[in-house]
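Each chain, letter by letter, is given below.
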Amino acid sequence: MEISVTINGATHTHDVEPRTLLVHYIRDVVGLTGTNIGCDTSSCGACTIHVNGESVKSCTMFAVQADGEDLLTIEGLADGDTLHPMQESFRQCHALQCGYCTPGMVMAAVSFLEENPNPSDREVRLGLEGNLCRCTGYHNIVKAVLHCAAGGEQ
Amino acid sequence: MIPAAFDYVRAGSADEAIAALATHGDEAKLLAGGHSLIPLMRFRLARPAVVVDIGRLDDLSYIRDGGDHVAIGALTRHRDVETSELVAARAGLLGEVTSHVGDPQVRHRGTLGGAVAHGDPASDIPSALIALGATLVAAGPQGSREISVDDFFSGFLETALADDEMLTEVRIPAADGARWGFEKFNRRAQDWAIVGVSAVVRAGGDVGVGLVNMHSTPVRAAAVEGALAGGASAAEAAELAAEGCEPTEDLNASVEYRQHLARVLTRRALEAAGL
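In order, the protein sequences belong to chains A and B.
In this text, residue positions in the first sequence follow my numbering: the first is -9, and each later residue adds one.
In this text, residue positions in the second sequence follow my numbering: the first is 18, and each later residue adds one.
These aren't lab readings, by the way, just hints derived from the structure by calculation.
Keep in mind the model is a prediction, meaning the values are calculated, not measured.
Treat each hint with caution, since some may be false.
Unchecked claim - FRET-style restraints, in silico, Cβ to Cβ:
#, chain 1, residue 1, chain 2, residue 2, range
1, B, A36, A, S(-6), 20 to 30 Å
2, B, D24, A, D60, 18 to 28 Å
3, B, G83, A, E113, 30 to 40 Å
4, A, G141, B, G42, 38 to 48 Å
Claimed, not checked - Not everything, but these chain B residues come out facing chain A in the computed CB check (under 8 Å):
#, residue
5, Y25
6, P121
7, S171
Heads up, the beta-carbon is just placed ideally off N, CA and C, and yes, glycines get one too.
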């Protein structure tokens, strides 16, 4: 089936099998490999992207469901060489260790702050419960999200 | 993992979806938000030959004040139920329970109707619908019919919906001024409940209690409700929470442990509801 999807502002049109998962489409067909696959069970959130501005696990959508929709992946977050404030906060707060969960974590965090711009520490933890960090680096991730919510720069 | 191949039908209306179901019978599955179905398909625990995508039927995504009830379209996303002021005011238990479903990403895509029609006994939402005494509206080739939540869940992942019917609306009898409690016991964030309990005490004093993961279906704690109606205290009534339930044993809990959890969590939920 032919689908047309906007990803990071560019329109992509491809013929896909209906069973193609969106994350496989993004990685293998479009070639944007910043979105990771972690668990295969909708648990880990490494594949989190935005669909029409909201965080979604792209392993739990078929590509055909994204036909006509507006997607944002980690590659589309920065403005040229200028990191998105959330990416900059992750960098400043050392919110990554191995980095595997980071793209999904950042995308989930950006979506979360849009819904809750002034969260408490507890709310950040609940807001990121769909994302697992196997380095267990959660404290600095939460710190980074709070840092970003507070305006970023120090 | 990659699901088995299927034919994809995108329905432009509820009538189109029902016609597709009528054509393909039990070979077909409806796809709403996909957050129950796609995980099963990825493991090939579900291999529908035909997937009928109803995810674009925006006219079935709504939350309306029906006077004596709140009407919620089957394709309303969890996020919209969770953040609805109308739900908070008139069916608050459902809003709170919905906020415990999965995680934010799941709630952005998953739908109320999809979660209910999936019929998973470990799902949180059916317990709230049982406690609140919801009515479910199903549409089929012969028109619509209403099904009491007490008649809806018929077996493990089975419901009263016929192969050619789709759930279109969930109606919650208005519960203005009610107090409620929801207790979900699990070991990690975002996990399914090992056992869960929804309890609501309506302004007039009527009590409803629904259990999560205590039976092959979502189930009403009828013995608890009966004891409370007969004047028992919350602690006394909660002792009856596992009565009539046949919970399963798994990695997380033995049968006896689930029965214990049901009693403890029911007491806590009733106390949170003001009893």
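* Which numbered hints does this structure break? -> Going through the list in order, the structure violates hints 4, 7 and respects the others.
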